[in-house]
Amino acid sequence: MFGTYDVPDQRNLLDQTRQGIIGKPLDRPEAALKVTGTATYAAEYRPENCAEGVLVTATIAQGRVLHLHRDEVLSMPGVLGIFADKRMLRRPAQGTAGQAPVQDVREVEYYGQPVALVVAESFEQASHAAKALRIDYAPEGDVPFDAGKAEYESGQKPVILGDLDEAMASAAHSVDLTYTTEGHASAAMEPHASIAAWQGDVLTLWGSFQMISHNVKELADSLRISPRNVRIISPYVGGGFGSKLGISHDAIAAAIAARELGRPVRVVLTRQQVFDTIMRRSETRQRLRLAADASGRLTGLGHEAWVSNLPGEKFAEPVTQATEFLYGGENRKLAVNVARISRLTSGSVRAPGEAVGMQVLEAAMDELAEKAGLDPIELRKRNLPASQPGKDRPYSSRMLVEALDQGARAFGWDARKPRPCMRREGEWWLGMGVASAARVNMLRPASARVRLEADGSLLVQSDQTDIGTGSYAILGQIAGEMLGVPITRVRVELGDSSLPSGAGSGGSFGASSTGSAVFRACEAIRDRLAHRLGIPVEALELRDGIASGQGRSRPVTELLQGEALEQVGRIKPGKTQMDYAQASYGAFFCEVAVNAFTGETRMRRMLGAFGFGRVLNAKTARSQCLGGMVWGIGAALTEEQSFDLRDGRLLNHDLAQYHVPCHADVPALEVILLEERDAPASPLQAKGVGELAICGAAGAVANAIYNACGVRMRSFPMTPDRLIAQLPDPIARAAD
Amino acid sequence: MPPTPPARFKVNGTPVQYGGDPRRSLLDFLRDELSLYGTKKGCDHGQCGACTVIVDGRRINSCLTLAVMQDGCQITTVEGLGSDDDLSPLQRAFIAHDGFQCGYCTPGQICSASAMIAELAEGWPSHVSDDLLSVLPTDEELRERMSGNLCRCGAYSNIIAAIRDVMPVAG
Ligand code: FES
Ligand code: FES
Numbered sequence: 002m003f004g005t006y007d008v009p010d011q012r013n014l015l016d017q018t019r020q021g022i023i024g025k026p027l028d029r030p031e032a033a034l035k036v037t038g039t040a041t042y043a044a045e046y047r048p049e050n051c052a053e054g055v056l057v058t059a060t061i062a063q064g065r066v067l068h069l070h071r072d073e074v075l076s077m078p079g080v081l082g083i084f085a086d087k088r089m090l091r092r093p094a095q096g097t098a099g100q101a102p103v104q105d106v107r108e109v110e111y112y113g114q115p116v117a118l119v120v121a122e123s124f125e126q127a128s129h130a131a132k133a134l135r136i137d138y139a140p141e142g143d144v145p146f147d148a149g150k151a152e153y154e155s156g157q158k159p160v161i162l163g164d165l166d167e168a169m170a171s172a173a174h175s176v177d178l179t180y181t182t183e184g185h186a187s188a189a190m191e192p193h194a195s196i197a198a199w200q201g202d203v204l205t206l207w208g209s210f211q212m213i214s215h216n217v218k219e220l221a222d223s224l225r226i227s228p229r230n231v232r233i234i235s236p237y238v239g240g241g242f243g244s245k246l247g248i249s250h251d252a253i254a255a256a257i258a259a260r261e262l263g264r265p266v267r268v269v270l271t272r273q274q275v276f277d278t279i280m281r282r283s284e285t286r287q288r289l290r291l292a293a294d295a296s297g298r299l300t301g302l303g304h305e306a307w308v309s310n311l312p313g314e315k316f317a318e319p320v321t322q323a324t325e326f327l328y329g330g331e332n333r334k335l336a337v338n339v340a341r342i343s344r345l346t347s348g349s350v351r352a353p354g355e356a357v358g359m360q361v362l363e364a365a366m367d368e369l370a371e372k373a374g375l376d377p378i379e380l381r382k383r384n385l386p387a388s389q390p391g392k393d394r395p396y397s398s399r400m401l402v403e404a405l406d407q408g409a410r411a412f413g414w415d416a417r418k419p420r421p422c423m424r425r426e427g428e429w430w431l432g433m434g435v436a437s438a439a440r441v442n443m444l445r446p447a448s449a450r451v452r453l454e455a456d457g458s459l460l461v462q463s464d465q466t467d468i469g470t471g472s473y474a475i476l477g478q479i480a481g482e483m484l485g486v487p488i489t490r491v492r493v494e495l496g497d498s499s500l501p502s503g504a505g506s507g508g509s510f511g512a513s514s515t516g517s518a519v520f521r522a523c524e525a526i527r528d529r530l531a532h533r534l535g536i537p538v539e540a541l542e543l544r545d546g547i548a549s550g551q552g553r554s555r556p557v558t559e560l561l562q563g564e565a566l567e568q569v570g571r572i573k574p575g576k577t578q579m580d581y582a583q584a585s586y587g588a589f590f591c592e593v594a595v596n597a598f599t600g601e602t603r604m605r606r607m608l609g610a611f612g613f614g615r616v617l618n619a620k621t622a623r624s625q626c627l628g629g630m631v632w633g634i635g636a637a638l639t640e641e642q643s644f645d646l647r648d649g650r651l652l653n654h655d656l657a658q659y660h661v662p663c664h665a666d667v668p669a670l671e672v673i674l675l676e677e678r679d680a681p682a683s684p685l686q687a688k689g690v691g692e693l694a695i696c697g698a699a700g701a702v703a704n705a706i707y708n709a710c711g712v713r714m715r716s717f718p719m720t721p722d723r724l725i726a727q728l729p730d731p732i733a734r735a736a737d
Numbered sequence: 008m009p010p011t012p013p014a015r016f017k018v019n020g021t022p023v024q025y026g027g028d029p030r031r032s033l034l035d036f037l038r039d040e041l042s043l044y045g046t047k048k049g050c051d052h053g054q055c056g057a058c059t060v061i062v063d064g065r066r067i068n069s070c071l072t073l074a075v076m077q078d079g080c081q082i083t084t085v086e087g088l089g090s091d092d093d094l095s096p097l098q099r100a101f102i103a104h105d106g107f108q109c110g111y112c113t114p115g116q117i118c119s120a121s122a123m124i125a126e127l128a129e130g131w132p133s134h135v136s137d138d139l140l141s142v143l144p145t146d147e148e149l150r151e152r153m154s155g156n157l158c159r160c161g162a163y164s165n166i167i168a169a170i171r172d173v174m175p176v177a178g
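Residue numbers (the numbering used here), protein chains in the order written: chain A, 2 to 737; chain B, 8 to 178.
Read the hints as simulated data drawn from the structure, not as lab findings.
Honestly, I wouldn't trust all of these hints.
Per the computed footprint, the stretches of chain A lying under chain B, defined by three or more beta-carbons under 8 Å from a beta-carbon of chain B, are [unchecked claim]:
| no. | region |
| --- | --- |
| 1 | 28–41 |
| 2 | 118–125 |
| 3 | 468–478 |
| 4 | 703–711 |
Glycine included, each C-beta is placed from N, C-alpha and C at the ideal position.
Using the sequences and the hints, build the whole thing.
Shown next, in the form of structure tokens:
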């Protein structure tokens with residue numbers, strides 16, 4: 002009924018349409034705004050008489066707020082109010098929550114948690130007053146700060162098939178390895194920001210969000226008002242990477258203060274507050290057990306993970322998500338355990354699960370390949386099952402072999418030395434590594450409105466966000482392609498909750514889900530145009546504003562007779578999501594140089610080959626892949642959150658100390674986009690791309706480091722201090 | 008608050024003056040008083056480069072200087088480099104190479120690159136220059152010199168390609 006996607010759409014309609022823009026590397030329609038600095042981000046609206054709010058954060062880890070010394074601060078210049086309302090958020094909302102997260106800032110659950118908002122006429126006054134606000138606390142609570150001291154509970158239903166212990170015992174080749182990965186921050190360049198303005202009972206909130214229809218509900222529920230009275234505007238989002246999936250502290254605080262003061266209030270998190278209060282990717286400990294027969298075929302696969310989160314949070318980093326379907330091995334044990342600790346909330350950070358799970362799985366596969374005496378590519382190819390283990394459902398489409406083969410050719414994999422320490426350039430060991438990429442594919446409920454104007458131009462509208470992903474570009478291309486409208490005559494409006502609900506940006510599902518809604522709206526319009534032309538829709542061709550077929554041809558504007566055609570398209574996940582194992586796949590190749598004396602690793606070359614169904618815009622899709630690979634470099638070499646074990650505070654809570662890759666860390670990356678059509682995934686035959694290019698990347702780097710210098714790194718990031726103790730003698734081993 | 012003598016300076020060629028709260032950063036002045044929101048705030052601590060503007064020909068982080076300190080300065084922001092209907096060659100190259108995704112670091116990258124190209128042309132060496140007297144505009148040089156501008160979207164390869172496009176000499 003409501004657009005459920007139950008039967009794979011095998012028509013490949015977008016291959017038959019004639020406008021010729023789908024998939025093309027077109028420039029982003031909003032590009033000129035972005036390069037001239039005129040695209041408007043959350044903090045950049047100026048409602049009249051807007052006051053400035055600055056959050057105050059806790060200097061204890063757990064306990065109660067006893068007293069705010071308000072009077073001392075209320076008398077400071079410009080100060081308008083101090084807010085510590087029980088509706089204000091202790092934790093941000095998880096992705097797709099759709100309801101209020103944990104509220105009430107009179108209690109403290111982790112160091113750095115917001116406890117109050119100070120509002121003043123100017124930002125400087127508010128910042129000063131926020132620093133001056135003295136708070137009395139009653140420290141209490143006994144939640145540990147360190148997972149090593151915490152109780153674990155099961156984070157998801159484990160997968161147990163056959164007898165893994167027995168498979169390990171009888172394996173011809175096996176590895177049993179424990180890895181650790183440190184926590185990651187999303188660190189989107191735009192800090193979270195909200196401007197709240199009330200008109201009567203109606204709240205307008207300019208914010209920076211990924212999933213607007215959910216965010217409206219979260220905001221309304223937190224404020225105990227009707228979602229109908231909330232409008233969120235978020236047309237440009239300065240990066241999200243999971244951190245803006247749910248509503249955060251700034252939004253509720255701004256709304257409460259604005260209501261109370263009777264004037265708009267802006268609240269922008271400081272960079273440190275973004276680090277301290279939004280979302281972290283949990284650190285992980287992972288045990289990998291791989292058992293193989295003499296030919297290298299997997300007979301057993303164990304992947305167990307230990308992660309952490311605050312008490313009561315449902316989210317547990319789904320580390321084994323891709324391990325469930327990627328490789329064979331009839332005896333399996335996959336499990337995620339979560340420790341309850343007092344640190345900021347764990348949640349989705351770009352590619353939750355696979356980002357850390359795949360890098361470790363792929364590092365372990367490299368070790369198994371060596372034991373089995375196989376090229377690592379060959380080992381992977383030997384272990385691709387015909388159907389998903391334990392579920393016996395087919396793969397919708399899987400381009401892994403193509404990615405490995407084409408990637409290997411383009412990269413020059415055959416030049417890789419079979420053993421470590423065989424290439425040396427001055428003080429640098431050189432080596433190459435490979436890894437598979439895999440990320441689950443999801444379709445999410447979405448709707449979008451398409452309006453074919455009487456003059457033949459097009460308007461596409463949805464509350465779908467564009468967080469840099471290319472939504473503006475690809476939604477316009479889908480509509481223009483389907484309705485034969487040149488791209489210059491297509492307008493796309495996004496990021497406003499008054500528009501139909503898109504899927505939002507998260508889990509790489511935005512393009513295929515909201516794109517499918519646009520596709521379906523266009524199909525309905527095509528039906529009507531075909532009817533008016535008097536031909537069956539199967540025969541209809543639309544190009545450059547001309548409708549033709551079966552020997553007839555008329556300008557679309559004539560068929561419209563001065564009236565626009567408008568349609569809301571909808572899609573919901575259906576049977577295809579259950580019937581097939583759906584994922585995007587790829588392969589990473591990289592060449593690193595490891596300093597023989599210092600253990601510093603430099604990325605020399607990196608290539609990724611990716612298959613994610615139909616490419617909707619080759620330029621923006623490639624950029625998504627580049628971005629993912631850069632994240633892979635960060636996860637491999639530099640990114641780690643450090644916590645104080647005495648109080649759980651994040652120590653490196655800014656961009657000087659949390660090292661996201663910079664220009665100098667990233668060589669010219671190469672990306673190969675593979676041609677693929679995945680009909681079970683979506684009517685566009687497209688899958689997700691935004692996260693794929695991280696999933697496994699750091700594993701390729703680990704494998705390259707081993708190939709270079711013979712050190713098997715099992716703790717990420719692979720910083721010089723971790724490497725140096727294990728390095729071979731830099732002089733004695735100068736060149737094997 | 009003691010009265011502050013107003014600082015008089017030019018922003019994108021237009022004379023402005025500022026005599027308000029001396030704590031106001033140049034960044035906040037540009038954004039909230041001149042509505043020049045092209046200059047972005049990513050960290051407010053000189054750690055990300057999103058706020059890069061060009062002051063008297065040199066790129067600086069506008070979050071690390073105060074508005075009252077700009078007396079007599081000529082300031083160029085991204086809005087001064089080009090506009091929607093009159094894009095600079097570098098802005099056009101950023102579009103063609105998709106030198107951004109979310110766009111938040113982009114004005115800073117563009118301001119930084121504009122000034123960086125001039126620094127290279129004047130022969131300023133950097134940490135990675137092999138020869139301090141004759142600096143070659145290699146990709147490594149460009150990356151080193153742009154490393155104060157973070158891009159979490161990871162558009163680095165495309166940014167370097169865009170800059171390379173408008174460099175007077177290929178390296
Ligand atoms: S805002 Fe100035 S360097 Fe980050
Ligand atoms: S384009 Fe998003 S941070 Fe650079």
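Here is what the structure says about each hint:
no.	hint	in the structure
1	28–41	holds (count 13)
2	118–125	holds (count 3)
3	468–478	holds (count 4)
4	703–711	violated (count 0)
In summary, the structure is inconsistent with hint 4 from the numbered list given earlier, while agreeing with all the others.
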